[in-house]
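Using this note's numbering, you'd call the opening residue of the sequence shown number 296 and step up by one each time.
A few of these clues could be false.
Taking CB as the label site, the calculated pair distances span [stated by the list, open to error]: (1) 489 - 331: 23 to 29 Å; (2) 633 - 299: 54 to 60 Å; (3) 503 - 296: 31 to 37 Å; (4) 346 - 658: 43 to 49 Å; (5) 493 - 364: 50 to 56 Å; (6) 397 - 479: 21 to 27 Å; (7) 434 - 634: 50 to 56 Å; (8) 476 - 641: 40 to 46 Å; (9) 672 - 361: 51 to 57 Å; (10) 297 - 453: 19 to 25 Å.
FYI, nobody ran anything at the bench for these hints, they're computed from the structure.
Values in this document were obtained by computation on a predicted structure and should not be read as measured data.
C-beta atoms are modelled at their ideal positions from N, C-alpha and C, and glycine is treated no differently.
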Amino acid sequence: RLAYAGIGLTAAATLAQIWLQVPAATGDPAWIAPPAALADVLGSGYGITLTARLAVLALVAGMLPPVLRGRPGRPRAAMLAGRPRAAVPAGRPGRLRAAVLLALAVAGLSTWPLTGHAVASPLPPATVAADVVHLAAMAVWLGGLVTLSAFLLRRTPPRVLGVLLPAWSRWAALAVVWLVAGGVVQAVVHVGSVGALWQTGYGRLLLAKIGILAATLAAAAYARRIVHRFAVPATGPGRLRAAVGIEMAATAVILGLSAALVQANPVRGGAAERPVTVDDGVSQTLTCPLYTLQFNIYPVQVGENNTVHAFAYTAAGAPLNIDQWTVSARLTGQGMEPVSVPLLGLTPRNHAAGAVTFPQAGTYDVRFTLRVGELDQASVTTSITVPRVPEAR
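Sequences are here, hints too, so could you generate the full structure?
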């Protein structure tokens, strides 16, 4: 029941992601998803990846029954509990089935980084692999805690717990090591510097997650001490249940912070990014809660013919349809009013083009204002330096 509840909830959340991507792209209310827009989402890389996740979940659900039932074998747990052999159908699934399920698990876990920050990082192979390890380790750890709390610590005889808990303790310690290792790789790539941990919103969320994880590991260490102190934990289950309960509550908070981190923009891919000069042009990524904007201006020089290309995306990296584009430029330190011009929306609708005028050399505040739907509108701003025209000799 626990396994199928997890599969069902994951499938429902994935379907909700696909559905909600439509109003995120069109600006419609959350309950409206026109068929054409839904087809666009399903045909995008984002939609294909989530559809693949649903297919993996269906395959796993179909292959699980023999694994959950087990097969006749030597029921060690039943003997330890003093029950007859026929009481517990123990055993292991076939090696081929286990290998296929393991491959499906890795494939399914890969769909999360492929629709998030990991694939858009400066080092996609490293961050995608680290994210899969991070998710797998968290699943093993939290899944074990739920099983302990909901079933084993309530119904299992002490002699059996004396066999099961030390084995679980070793698995939990291994999962925590890989959990931390995967998280460290992601933090180094996404944050980039120690100062960014407290200077950016993404970094502060990460620090909060690290702090709660430290408290969780303290509770886990206490639970591990109980397990190793009582070989047959007849006197320890009460304290162990309390420690496991604290771990579960703390990990629920960690999962909430992880969800917030997914929606936040990493330092290396977010608002802290500086303009990159490419030949005579500028390319940059700007972010706000409504969208992520990637733009380039070429060339950057005094005059009217500075071509602008802009692309809008959601926080998850999917194309975001924009209903109105405006760009303005204001020379700083001169008391001049900004000059605003519309950009021409192109197909696909997350792309626009136009031109901006720089009357003279200097530093300009360039502002992009994008409207999604009828009400949602936001602006992002950056500074661009226009060089002086070289004097003819």
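Verification of the hints:
1. Between residue 489 and residue 331, the C-beta spacing of about 48 Å breaks the proposed range 23 to 29 Å.
2. Residue 633 and residue 299 have their C-beta atoms about 58 Å apart, which keeps the hinted 54 to 60 Å range intact.
3. One distance hint, 31 to 37 Å for the beta-carbon pair residue 503 and residue 296, holds here, with the actual separation near 33 Å.
4. At roughly 47 Å, the beta-carbon separation of residue 346 and residue 658 lies within the given 43 to 49 Å, and the hint holds.
5. Range check, residue 493 to residue 364: about 52 Å between beta-carbon atoms, so the 50 to 56 Å window is met.
6. Hint check: residue 397 to residue 479, Cβ distance near 24 Å, so the stated range 21 to 27 Å holds.
7. For residue 434 paired with residue 634, a C-beta distance near 54 Å keeps the hint of 50 to 56 Å intact.
8. Between residue 476 and residue 641 the Cβ separation comes to about 44 Å, which falls inside the hinted range of 40 to 46 Å.
9. With their beta carbons about 55 Å apart, residue 672 and residue 361 fall inside the hinted range of 51 to 57 Å.
10. For residue 297 paired with residue 453, a C-beta distance near 23 Å keeps the hint of 19 to 25 Å intact.
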